[in-house]
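K.L.:
Protein chains in written order, with the working numbering: chain B, 1 to 477; chain R, 1001 to 1230; chain E, 2001 to 2262.
Heads up, a few of these hints could be off.
Covered stretches of chain B (chain R as the covering partner; in silico rule of three or more C-beta atoms under 8 Å from a C-beta of chain R) [claimed, not checked]:
| no. | segment |
| --- | --- |
| 1 | 70-79 |
| 2 | 191-197 |
| 3 | 323-337 |
| 4 | 396-410 |
By construction, these hints were calculated from the structure, which means they are not laboratory data.
This one's a predicted model, so the numbers in the text were calculated from it and none came from an experiment.
All C-beta atoms in this analysis are idealised placements derived from N, C-alpha and C, irrespective of residue type, glycine included.
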Amino acid sequence: MESTAANFKENALGALGDARLRDALDKLSGGFPENRRKAAERLPEFEALRDQARDIKHHVLENLDHYLEAFEARVVEAGGTVHWCRTAAEARTTILRLCKQAGAKTVTKSKSMIGEEIAINEHLEHHGVEPVETDLGEYIIQLRREPPSHIIAPAIHLSKEQIADTFREKHRDLLADRPLEEPRALLEEARGILREKFVAADVGLTGANMLIAETGSTVLVTNEGNADLTYSLPRVHIVLASLEKIVPTLEDATTILRVLARSATGQEMSVYNTFCTGPKRPGDLDGPEEFHVVLLDNGRTDMLGGEFHDMLRCIRCGACLNHCPIYKSVGGHAYGWVYSGPMGAVLIPNLIGMENAHDLPNASTLCGKCEEVCPVRIPLPRMLRAWRKRQFEAQNTSKAARAGLRFWAFFAGQPWLYRIFANLAVGALHKLSRGRGRFRRMAFLGGWTTLRDLPAPAGKTFISQWHGKKPSESGHE
Amino acid sequence: MSNARGEILGAIRTALKRPEAYGAENISVQQRIQAHRANLIPARGRLGTKARVDLFIREAEQVQATVARVSAPAGVPREVARFLAKNNLPMRLKTVLETSGKVIPWSEQTLLSVEEGRADGSEEVCVSQAFAGVAESGTLVMLSGADSPTTLNFLPPTHIVVLGVADIAGDYEEIWDRLRREKTTEAGRFMPRTVNWITGPSRSADIEQTLLLGAHGPLRLHIVIVDGDA
Amino acid sequence: MSEKPATLPTHVGLFATCLVDLTRPQVGFASAKLLQDAGCQVSVPKAQTCCGQPAYNAGDNADARAIATKTIKAFENFDYVVVPSGSCAGMLKHHYPGLFGDDPDMAARARSLAAKTHELTAFLVDVLKVEVTGVAFDGTVTYHDSCSALREMGVKRQPRRLLAGVGGLSLKEAKESETCCGFGGLFCVKYPEISGRMVDAKVDDIVDTGAGTLLSGDLGCLMNMAGRLHRRGIATEVRHIAEVLAGMADGPAIGAAEKKTD
Ligand code: SF4
C-alpha cells in the first residue's frame, strides 16, 4: 500500500471540503460512540474488564517469546504449520508460495488489517492469483482500489450512490438498468457474486483477532459470516497475524472478547466469534485440509520494550477512531495509509518511518478522549507526545515553529524580562483593538484568524495589576 | 527465511532485556496456561435455571434471533414445520441424522423432506445442534465434528438450531470447562477443528451504517429450545 | 462563602496562567477573591510566567524542563498551588514529574508540587469544601468541560456544584459538553482548518442549548470558542467560570467590546 501520510495536510484539506464525506462521518459519530456508551452502561463490570484486558495484553508482551513458542507447539500438534516472517516481503512470499503449492487461482479473504499492511492483494494479483475480499466494506473498496478508511468499517466514507456506481461499473455481466438504490439491493448483489467466489476458492486467507497459546487456536471476529465461509469452504486455510495478537488462554481470549465488540460497535458480542484449531479432523464433513499460520513481525519487535511498547496491546477495535474529533473531521484517508485515527497516528510512523508521516503525531489536540475509551487503556496521547519529542530532537520540527518556541521559552524562563515585554505587548495590543474587544486579523496568528476573531487583551497584565494594587500580598518572589 | 524464527525470538529477548531463553518466566508461563484461571466473570449470567433460560431468550431476541420452546426432541419437527410455514419457506431442510446429541424423529413429520449431509450452498434451510448456549449474551456454541459440519451454520439463508435447555450456561467460562471435561482426548487436546460462537443472524452495517441482516451468513436464526431431560 | 478557623490560614499560591495574565486579568482577580472569601491567604508570585505546555506539547522537553524548574521554585513553599485552568494544572500535576527523569532531586520536588496542585473549582469543592452563596447571575449558561480539566484533573461535577449555588443562574447542558473544542494550543495555529471544523461543531452544539452564556474553566478553549462565535455573528457571551462565581461578571465578556458600540 503506497502511503500518502506525508501529505496529511493536503489530504485533510481535501477531506474537509468533501460534503459527502462529512455526511458519512456524521453518521459514524451518531452511531458507534452512542452504542458503546449504552453497552458499557449495561455491563457494570465493564471498567474492571478493561483493566483485566490491559493486564492480559501487558503480561503477554512481557513474555512474548514463551507464548509464541507455546502457540507454535500447539498448532503443530493439531496438524498445522507456523511460518515465521520478519518482514512484509517475507510474509508476501510465504503466502504466495502456499497459494502456488495449493494450485490456487482464487483466494478468498476475510478482512485483515495485516493483509492491508503488507499489501498482499497487489502481490497475489501480480503473480496471477486472484484475491477476493469478502467483507462487504472491504469488497467495495477493493473494487474501487482504495485503502480502508476505518479499521472496522472500511467503506465508511462512501455513500450508497457511490457504491451503486462502482457496482454498475465493475459488475458488467448484470443488467445495466437494475435497481440499486437501496442498501439491501447492493448487499444482495455483492452476496450473490461473492457466493460464487467462496465456492470457487482454493485458498481462504483470514486474519486473526487473537492467537491462543493454550490451544494453538486462532480467533476470528466478524458480523457478516464471511470469515467462516472463507475458512470452511476452500482446501487450505491460511491465517495471517502479527506477533502481538497472542493471548495465553481461552479464558483470556474470552475477557478480551467481552470488551472488544462493546468498544467497537457497542454490540454485546459480535455475531460470529470463531476459534479455529488445526485442519479438518478425521470424520469431519467439511473444513480445510491444511492449516497455516503466517506469524509476522514487521516492526513489532522494534516497538517492544521501547516508548511504543504499550501500543502493542491494541486489539484494533476502532473506538479511538470513533471518538476522535480529528478523525471525525477528516476521515481515515487523510492519514494516508492503512491505519488511521489516534492508533494510526502512533502506529504509522512506527511502521513506515517518522519522516514519512511527520504530521500524524502533531495533528491532535491531545484531548485524551481516545485513551478514555480504549478498551486496553493505551496511553495514546503520551505516545503522540513521544513522537513529537523525537521529531523535535531530530530537528524535524519546522524552523519557524522551533524559532517561535525558543523565543517564547526564553522569555518564559526569565520572569523579569517576561514581565517588561508582556506589559508592553498587551498594552500595545489593547490600544490596537480600540475597545472592540477583539481582532479580525492578526499577522503572526494567520491560521487562527482565518476562521475566528482573536479576543484582545485587557490592557494590563494580571500580575502587574495585582502587585500594583496589593503590594502587601505580593507573596514570595 | 529459515532463520526467521530464531531472529524474531532473539529480537524479542533482546527487547525485553532477557537474553536467557529459558528461565523462571517460562515455567510460570506454562503454569499460567495450565491453570487457565477465569478472569472476572460478569454477574449477569449467574442465575437460577429458569432465570438463566429467560435471560438467554431475551438476549437472543435482542439480536434478532427467534426462539421457540418444545417439551421434548419429538416436538422439534413440528416446531420446524410451523416455523417454515409461517415464513413461507419450503418444507425442505438439510441436517445430520446420526448424532451424539438429541435424536430427532424427523420422519414423523411427513410434511418435511429431510436431506442429510454438509451444506453446499444450495439449501434454503439447515438444522444443526448446539453444544451449548450462553445466557450472558444469547450466544450459541457450535462445535465442528462428524455430526455437526460447520457449513450448516453459515451457508443457508435460514439456520435453525436445536438447543437442550440443560446446555444453557450462564457464561462462556462454563463452556470452556465443559469442553475440557467432556472432550479431552488421550493426546490431551479438547478443541474441535472449529468452535463457533453465534450471536444472532448475520449482519452488516458497511453501507452507510444501515444495519442489514443476512450479509453472508443466515438471514434468519431460529433457536428451538428442548425442555426436559437431555 | 463559609468561614475557616482563623488560626493558620491556608496559604495558596495562585498560578494565574499566561493567558489570564496577558489577556484577561479579571479571571485572576476573581480566582483570588474566591480563595480569599474561603479563608485562604493568596499570593501571586511574580516569578510565574507560563507552565511550559507549548514547549512540552511540541516535543521540546528541554525548554519545558527549564520553565518547570522556575515554576517549581516559585511555588514549592505554599500549602497549595491553585490554577484557574485544568490544562495548566494538568501540566504541573501530571507532566512536570516526568520531565526530571535523570534528576532525582528535582523529580522529588516536582512530585511534591504536583501533590498540592489543584484546578480552581476542584480545590474549592474537594479541598476547601465551600459552597457559593450570595452571588447572583441572571440567565441560562452552558458549561464546556475542557479536555484536561475533565480527563487529567477529574473536574466534572465541581463546577456544576458551585454554579448550582449562584442565584438566578440556570445550567443547560450541551450534548457534546465533553468534546474537544479544537483549541489544542499550537494545534489551532498549525491545523487551522481542522480546528475550525471542530470549533464549528462546538458552536453549533452551544447554540442548540439556547444558553445566553458559555462558561468553562480554561481560557484557551474560551478564547477559541468566543473567537468563532463572534466571527459567526452569534451573540452568546463567553466567560471564565471564576468571574461568575466571584460575582465579577459585569465587565465585557471575552472578546466583547468595552463600550456598547460594537
Ligand atoms: S488503540 Fe485502543 S481504542 Fe484504538 S483501536 Fe486500539 S484498542 Fe481500540
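K.L.:
To test your reading of the hints: which numbers does this structure violate?
P.N.:
3 and 4
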